[in-house]
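Colleague: Chain by chain, the residues:
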Amino acid sequence: MSTDDRDGAKAGAAIAATRTRAATDLLPKYVAHRERDVATLRAALAQGDFETMARIGHNLRGNGVSYGFPEIAALGEAMEQAVTARQARGIEAQVALLEEWLARVGARVRTER
Amino acid sequence: MLIVDDDLDMCELLGAELTARGFDPSLETDPGRALDSLRSRHVDVVVTDLWMRGMSGVELCERIVSMHPELPVVLLTAHGTLESAVAALRVHAFDFLAKPPDLDALVAAIDRAVRHRRLAEEVRVLGESTDALETFEGIIGASPPMRELVQLVGRVAAVDAAVIVRGESGTGKELVARALHERSRRRGAFVALNCAAIPESMLEADLFGHVKGAFTDARADRAGLFERARGGTIFLDEIGELDLSLQPKLLRALQERVIRPVGSDREIEVDVRLVTATNVDLARAVEQHAFRADLYYRLNVIEIVVPPLRERGRDVLLLAQHCIERAAREMERDVVGLTASCAARLMAYSWPGNVRELANVIERAVALTRSSRLTVDDLPAAVRAASALPTATLAVAEDLVPLEEVERRYIRRVMAATGGNKTLAAQILGVDRRTLYRKNWEERSDGAQPSSVKGAS
Ligand SMILES: Nc1ncnc2c1ncn2[C@@H]1O[C@H](COP(=O)(O)OP(=O)(O)O)[C@@H](O)[C@H]1O
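Chains as they are written, first to last, in the working numbering: chain A, 1 to 113; chain B, 114 to 570.
For the record, the hints were derived by calculation from the structure and aren't laboratory data. Treat the hints loosely; a few may be bogus.
[What the hints assert, rightly or not] What follows is a list of derived Cβ distance ranges for each label pair:
1. Ser-139(B) - Ala-103(A): 33 to 41 Å
2. Ala-32(A) - Glu-424(B): 55 to 63 Å
3. Arg-104(A) - Thr-132(B): 26 to 34 Å
4. Thr-84(A) - Arg-446(B): 53 to 61 Å
5. Thr-132(B) - Arg-86(A): 38 to 46 Å
All values reported here derive from a predicted model rather than from experimental measurement. All C-beta atoms, glycine included, are put in the ideal place defined by N, C-alpha and C.
Chain A on its own, in the form it takes in the complex (with noise of 0.2 Å):
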């Protein structure tokens, strides 16, 4: 067992004990707005435009404790954090973790609907 797929099966059994009925129904749907986030977070990035990095970070810190994933919430916060303090990189370090929570996660979400 690869290391990744430790770390899904870890993710994934945390999100069961936590996530309502409600929340898991709207999983997917949950799963493609991050990817949206992703891109939308890019564009940002490329603009500078950190309202809507404020924005997205807050949200994230909000919806990721409500949908069972605290790992979304932390980089959520470290993201707003960031962006108080203008630092690019660390909201592009962030931007990367919510990428590689994309793959690792939303990838298993997919399969297991």
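The hints should help you fit chain B with the ligand onto chain A, whose structure is shown.
Modeller: Leaving out everything else, chain B with the ligand in the frame of chain A:
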């Protein structure tokens, strides 16, 4: 229900959760559009996020409340801080929950809000319709027990039998006695006398009359109630207080339809219907030999029980509205009705003094109020303390206190910060000074600290 959150994922999740719990929510991610949609759509409650682009939840709440004063708004915020609670309070949010909300707490808040909304609508409808309210001889009441009562009164009125009206004080026993008379075929007078209010030495003369010289003050013959009510009805309130020495005389009047005025040796025939009332258990008085059994059976041919106000449900609001209109007319004050939260307190209070107490409370409130609809602040402390919806709560894990308490704490804090300068404090709080005086006064009259600390469930 309308859910507003600019984060689509949150909006949809809340929507799905609430749908799963039997609600039928509409979703809106744009606060401006949400506001527009309220113009054309009827919703019972709005649940909105606090932190949104374009328009904050506080601003949205403020605008909703100014456009639709009776539409409750529940605010959700990621930051469960005192400041955001106070902001919510200042724009009259109905309730305030930390995000992500505990769903049971949210559903409870929504239920309260919906009930509040319904009550508000009811109050509004009331304000429009009590003028045309149909009453039975002035007896107001639409609750099942009152409908039954009125029906019974209508049936019993035509019969000439003695009636005993039982009920707590202030429930309207005299009103029932009057209705019995008005609806009967008796065209004589209705005369009322409270047995407890008249010294025993005078009661006999009051009831049966006296002749000149019967006692020191008797300078001329004087007819008693029985004669004045010839062909009519006598109402004797608190009959349980009738002295044992007078009871045989009353019994005789009932049995033989004759009375003898004090000091007279002549008997007079009488034709009255006797209605009596008591707020004590006469059967027990009989057992204890404080009341003659034979008289009791004579009086108790028909018994009518008047229910206490607390068992009459929404009648409280009908009666309150009626009292408001009457008091406003008498005092020439521009008061037209109740606010929903005031109505909620009136409904929650137990009214030990029944309709009489309600009438007094309303009269006082109409005299004192500064608004056209009575508010909770216009009610006496005892009524205000009746626990009622809405119980606004601040759901922050370590700080679960009612919104009112948050307000008190904040006011205290501002007062301390301004060294007790009320003008300055009022400026900071964005309220006028009078409001602040009243709130401060409330705090003192309630005792120092409210003791209950409630959870958000
Ligand atoms: N159902 C009612 N509708 C309107 N007014 C009422 C009603 N019940 C009581 N009242 C008013 O409340 C007051 C107290 O009623 P009253 O008949 O004197 O009570 P009781 O004789 O039971 O002490 C009176 O002013 C009466 O007119």
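Colleague: Now look at each hint and say whether the structure bears it out.
Modeller: Hints versus structure:
1. Ser-139(B) - Ala-103(A): 33 to 41 Å: holds (35 Å)
2. Ala-32(A) - Glu-424(B): 55 to 63 Å: Holds, since Ala-32(A) and Glu-424(B) (Cβ atoms, about 57 Å apart) stay within the stated range.
3. Arg-104(A) - Thr-132(B): 26 to 34 Å: holds (30 Å)
4. Thr-84(A) - Arg-446(B): 53 to 61 Å: holds (55 Å)
5. Thr-132(B) - Arg-86(A): 38 to 46 Å: For Thr-132(B) and Arg-86(A) the Cβ distance comes to about 41 Å; the hint holds.
This entry satisfies every hint, going by the numbered hints stated previously.
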